[in-house]
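Work the whole structure out from these sequences, hints included.
Just so you know, the protein sequences line up as chains A and B, in that order.
Note that my numbering gives residue 223 to position 138 of the first sequence, counting from 1, and the numbers run on in steps of one.
Note that my numbering gives residue 80 to position 39 of the second sequence, counting from 1, and the numbers run on in steps of one.
You may find that some hints are simply not true.
Derived contacts from chain B toward chain A, CB cut-off under 8 Å, selection only [claimed, not checked]:
(1) HIS156
(2) SER168
(3) TYR171
(4) ALA174
(5) GLY194
Please keep in mind that the hints were generated in silico from the structure rather than gathered at the bench.
In this text, all values refer to a predicted model and were calculated from it rather than measured experimentally.
For each residue, glycine too, the CB sits at the ideal point set by N, CA and C.
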Amino acid sequence: MSLVIKTFFLGLLAALLSVAQAEGLTIEITKGSQTAVPIAIVPFAQQGSVGNVKLTDVISSDLAGSGFFKTLPEEDMLTQPSEPEKINFRDWQVLGQDYMVIGQVLGNGGSFNIQFHLFNVHNGQLLMGYKLTVGGNELRRAAHHISDLIYEKLTGRKGAFNTRIAYVTSAARGGGKQYMLQVADADGYNPRTIAESPEPIMAPAWSPDGAKIAYVSFHTKRSEIFVQTLATGQRQSVSSYPGINGAPAFSPDGSRLAITLSKDGSPDIYVLNLSNRNLTRLTSGLSIDTEPSWSADGGTIVFTSDQGGKPQLYTIPSSGGRATRLTFQGDYNARGRFSADGRSLAMVNGNGGRYRIAVMDMASRTVNVLSEGNLDESPSFAPNGSMILFAANKGGRSVLSVVSTDGAMQQKLDFQSGGVREPAWAP
Amino acid sequence: MKLNKTHLVLAMMAVLATGCSSTDEEGSLADGGQSGADASTSGYNDGSMAGSQFGSGNGYNSGSGSNLGPEFSDPNNPLSKQVIYFELDSSQVKQEYVPVVAAHAQYLASHPNQHVILSGHADERGSSEYNIALGEQRAKSVERMMRSQGVTGGQLEIVSYGEEKPAVSGSGESAWQMNRRVEVGYQ
Numbered sequence: 086m087s088l089v090i091k092t093f094f095l096g097l098l099a100a101l102l103s104v105a106q107a108e109g110l111t112i113e114i115t116k117g118s119q120t121a122v123p124i125a126i127v128p129f130a131q132q133g134s135v136g137n138v139k140l141t142d143v144i145s146s147d148l149a150g151s152g153f154f155k156t157l158p159e160e161d162m163l164t165q166p167s168e169p170e171k172i173n174f175r176d177w178q179v180l181g182q183d184y185m186v187i188g189q190v191l192g193n194g195g196s197f198n199i200q201f202h203l204f205n206v207h208n209g210q211l212l213m214g215y216k217l218t219v220g221g222n223e224l225r226r227a228a229h230h231i232s233d234l235i236y237e238k239l240t241g242r243k244g245a246f247n248t249r250i251a252y253v254t255s256a257a258r259g260g261g262k263q264y265m266l267q268v269a270d271a272d273g274y275n276p277r278t279i280a281e282s283p284e285p286i287m288a289p290a291w292s293p294d295g296a297k298i299a300y301v302s303f304h305t306k307r308s309e310i311f312v313q314t315l316a317t318g319q320r321q322s323v324s325s326y327p328g329i330n331g332a333p334a335f336s337p338d339g340s341r342l343a344i345t346l347s348k349d350g351s352p353d354i355y356v357l358n359l360s361n362r363n364l365t366r367l368t369s370g371l372s373i374d375t376e377p378s379w380s381a382d383g384g385t386i387v388f389t390s391d392q393g394g395k396p397q398l399y400t401i402p403s404s405g406g407r408a409t410r411l412t413f414q415g416d417y418n419a420r421g422r423f424s425a426d427g428r429s430l431a432m433v434n435g436n437g438g439r440y441r442i443a444v445m446d447m448a449s450r451t452v453n454v455l456s457e458g459n460l461d462e463s464p465s466f467a468p469n470g471s472m473i474l475f476a477a478n479k480g481g482r483s484v485l486s487v488v489s490t491d492g493a494m495q496q497k498l499d500f501q502s503g504g505v506r507e508p509a510w511a512p
Numbered sequence: 042m043k044l045n046k047t048h049l050v051l052a053m054m055a056v057l058a059t060g061c062s063s064t065d066e067e068g069s070l071a072d073g074g075q076s077g078a079d080a081s082t083s084g085y086n087d088g089s090m091a092g093s094q095f096g097s098g099n100g101y102n103s104g105s106g107s108n109l110g111p112e113f114s115d116p117n118n119p120l121s122k123q124v125i126y127f128e129l130d131s132s133q134v135k136q137e138y139v140p141v142v143a144a145h146a147q148y149l150a151s152h153p154n155q156h157v158i159l160s161g162h163a164d165e166r167g168s169s170e171y172n173i174a175l176g177e178q179r180a181k182s183v184e185r186m187m188r189s190q191g192v193t194g195g196q197l198e199i200v201s202y203g204e205e206k207p208a209v210s211g212s213g214e215s216a217w218q219m220n221r222r223v224e225v226g227y228q
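Following this line, the structure appears as structure tokens:
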């Protein structure tokens, strides 16, 4: 099946169309940045058999999707040089470009030799020249790697294009539903099902080394937390207490899981030691306490509690102690998730019946609402902190969305075959 | 008048259901006598699994095919109602459903070998794990009312699906009000 990636920019009436092989997935940029940097990704010259992945389409999609760049549509290019000496920089200046990328792909019987050059269009300066060799099925990965290199060179920040995401899809099957936990590239390609069940699957959470995923499954018609090793598919039940077994979150050292259990009454936060299965209870009382998330240093856990009446975020030392209320803005703040550097906290912010993704700057405690939906949930930071992946609702169907942490750019990953929820960006 | 007295008892049950602590719940869940045999064969992670094993999940009349009497299909009998609906962000059993819960409680009290699963659900708004907690609170409200009327803990099991298994798909209050619910599933 072919796939169409549509890219729409505000302020720039350009559409970039390309075709690739994931089934039923549409990536649509719903809000583009006005201040994005213009860059031309010139189609790479091809020699030999180069497969059906067009590197420059993947790179363009990555860079445009980041919100920092707007890419020049291929049909607007006057020439398509592939060697530095063939570039007439004035042509590209006239087209309003700041930067351009040219390159070549050489198919070499199962592997590919790729080289590319990045130029400043205004002064013709070569900013980067790079060669890489990849295996036959690694072209998309190579493209994401090139996107990372360009992004880091021009923004000074590490890219997150060569990363993975996990999410849960649900679709009608045989009069019921089928839930699938999948892992895919960050742009939604190469999906792989790692668990499926006719009963709900929830709350995938990555281990810090990206090798394991913890999740909740109801396949026994009760909730149960599993930890699954991706490389082997081996799955281990780690929590099946009476009542809720939910919201797993790995500690930064990977040795413990913060989880929600209701075995002692109302839902409370516990820390489960994965090696000896010891449980430490962190919260108590009659309130709902759930959705734990660890700070980068492992010293603090943020969680959702309705102890003040409405759900708000609180912090508590991960070794136990007093909970401190963190959020005061809006009548509903839930599901806090720290960025990897610990400076920001993403959350679901409910106000006047709208549920949107907000981010708190931990130093100033300022809260910024980023997303524009009504039913947005499950925020998850990209490992470089530049974007937040979340679940949104589109015409009664759930889709994944990505918003840049400054709110300037938003894009949507739409799996046409059914709903997709509970996204988690791999570390 | 007889009717008034019944209402008074039911109203007291409603107060009880929302006001009391939940620290005595553990036993009822621990010895819930889950009919685990069929659950363990879920064919989980098996691509060839035909979703029919669990059918369409816990529908409105789940399990009612077994040995339930005609009163369960008589629309004039409160036992025919096996779904209890809730207000937004509330786990309080509404006045209009107090007689329904009471009818099921009376039936269960007089049929001590009958088991039910109380499955709690929430609408799609807000975060999914918080909604799991909310669904459980709703199921526990119903459980407390039933136990106060003589149903034993071993007859009741609770599971919360939060917003994961909506009865009605789509967004908007008409769908949401159908999804904030507890289903009484006779086993």
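Here is what the structure says about each hint:
1. HIS156: violated, 13 Å
2. SER168: With Cβ-Cβ at 4 Å, under 8 Å, it holds.
3. TYR171: For B/TYR171, the interface hint holds, since the closest Cβ of chain A sits about 5 Å away, which is under 8 Å.
4. ALA174: At 4 Å from the nearest chain A Cβ, B/ALA174 passes the 8 Å test, so the hint holds.
5. GLY194: Check failed: Cβ of B/GLY194 comes no nearer than 11 Å to chain A, outside 8 Å.
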